[in-house]
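S.K.: Line by line, the protein sequences are chains A and B.
Take 1 as the starting number for the first sequence in this note's numbering and just add one per residue.
Take 1 as the starting number for the second sequence in this note's numbering and just add one per residue.
I should point out that these hints are in silico values taken from the structure, not numbers from a laboratory.
Be careful, since some hints might not be right.
The calculated label-pair distances, taken between Cβ atoms and stated as ranges, are [to be verified]:
(1) Gly18(B) to Ile361(A): 52 to 60 Å
(2) Val174(A) to Arg78(B): 32 to 40 Å
(3) Phe24(B) to Leu388(A): 50 to 58 Å
(4) Lys52(B) to Ile361(A): 54 to 62 Å
(5) Ala261(A) to Thr60(B): 39 to 47 Å
(6) Arg78(B) to Arg87(A): 14 to 22 Å
(7) Ala32(B) to Pro177(A): 50 to 58 Å
Just so you know, even glycine gets a beta-carbon here, dropped at the ideal spot from N, CA and C.
Chain by chain, the residues:
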Amino acid sequence: MSFPWARQYEPKNGLTKFLDERLPLPRLVYNAVGAGYPVPRNLSYFWNFGVLAGFFLVVQIVTGVVLAMHYAANAQVAFATTEHIMRDVNWGWLMRYAHANGASFFFIVVYLHIFRGLFYSSYKAPREMIWLLGVVIFLLMMATAFMGYVLPWGQMSFWGAKVITGLFGAIPLVGEPIQVWLLGGFAPDNAALNRFFSLHFLLPFVIAGVVILHIWALHIPGSSNPTGVEVKSESDTVPFHPYYTAKDGFGLGIALLLYFAMVFFLPNALGHPDNYIEANPLSTPAHIVPEWYFWPFYAILRAFTVDFFFVPAKLMGVIAMFASILLWFFLPWLDKSPVRSGHYRPLFRKFFWFGLIPAMIVLFICGGAPAEEPYVMLSQIATAYYFLHFLVILPIISSVEKPEPLPYSITEAVLGSDKKVVKGENTSPAV
Amino acid sequence: MADTTATATPETTTTEDGIRRRDFLDIAAVSAAGIGGLAVVYPLVSQMAPSKDVLAASSTEVDISAIEPGQAIKAVFRKQPLFVKRLTPAEIEAANATATGSLRDPQSLADRTKEGHEDILVTMGVCTHLGCVPLGAAEGEVKGEFGGYFCPCHGSHYDTAGRIRKGPAPTNLEVPEYEFTSDTVIQVG
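Chain A on its own, in the form it takes in the complex (with noise of 0.2 Å):
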């Protein structure tokens, strides 16, 4: 589906004519990201991060079929073959690099894709099942990095294992056998490194699957924006291309920068030095923590000191820190406001500054920081704002808020009215 101004796709020779006819992939393209998909013409650079996303999901796939021509999923030779990837392979230094930092800047754009969405409501009707496979994503990615990270077998990898996999271990009565079970042991060896290395090979592509989901059901509405308004005429919109592959490909060019800035310069930056060391299941780092895109959550994880009423502090902190992510598949239906646009929402943009995001940086803070005091505390006041703003805060102002007034159109929010414009001047690419 588009909007009915959308450019159609006339094939322009031979080729194309039979393509078209048998299988139609120059149409898709076309249609999906090419001059047939008109876009509204107010899209902010936060609009880049969907991109940028998809581009690294295809870096971590690219690089690591590589590494894996080079691994062996075995505990006596993993770590091994990981220093053989940095020493001896050509290129293998490269290849690790990217990839480890890759997973870190797959993150960084997904997170910031993710405040895009919950600044701008892009979850709102009707792009509720965008943000809900979007969800579904994010939590694949958490998983395959969080397996990626086990397979070089350093301290980091295992304890890592361990810790996580002790999660399980707190669900009542079956937890214990659930943890023995995932593991294939009672502790981490080599049949968990071979079905995490198994798992982290498969992963990936189930993701890039609900991303085609994902960007089949954005589609369907088309993009959302800044203001929140959705199109009403062809002057609202400018096609994707060549507007958005430009305004894309610089925001790529931004990326690439960082990005490699991090893998020639700062490589480990991001990692733990104890990773360094082989996994010795006989003795535990000092200091463990998760690697830095986990950091909210699992101080959200450790926020629960002592048992509440019946549920003992372990599982709490186990079922808090899942509830902290699956709380967004209600969202939609949480936040009731009918105007999307946080620019709009005066009451909204105070908690989401103010409230939200100070307490997801002192979330992230404290994740790293060592579990000891102010940590604990402030870990604590910040998770019980992070739920408070999602189950208390977002539906009462959804309902007690009084939004400034929205402009009529995108036209118009851009241009301050829309009898200024000719229509679909602007819609033609300049050549």
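Since the structure of chain A is provided, determine the placement of chain B on it from the hints.
M.R.: For chain B alone, kept in the frame of chain A given last:
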């Protein structure tokens, strides 16, 4: 994008010869992307070539002192069989009696051995047809119609100098690069 009132923007103006200012940007952008693409492809291709540990293991020393005339030993060079054979005077004579011009891959025995060590024949134990290991190096194996090596896979016959004489193999058994580090030790590779 906000500018909709301008009628002649730089990107639409053309000079007399039809060159637009935007052409420069197009060429610059495509060139940068092309060079960047090559810089990405090169390591992705190169990573599949032999790694440093494989290349480091590509030199082998063989002690030939215990090989009796008419006997051969199998060694391993680059994970492949290597035949080192001490020829008998009769075998040398048979090899030299063959006119090189009549051969599929014309080489004399002297071409295939080191000066002063014409009785030591060092060849890869890899048939040049499709890579099987020819018979004839070990005691009691079939040596083929020309008394050298015989590949059982597709019936290639090699003579006493390891030259192809009959069968589908295109070239003689490969003589790897090697040198005598002493009278009794050769270093291959």
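S.K.: Could you work out which earlier hints the structure fails to respect and list their numbers in ascending sequence?
M.R.: As far as the earlier hints go, 2, 4 are violated by this structure, in ascending order.
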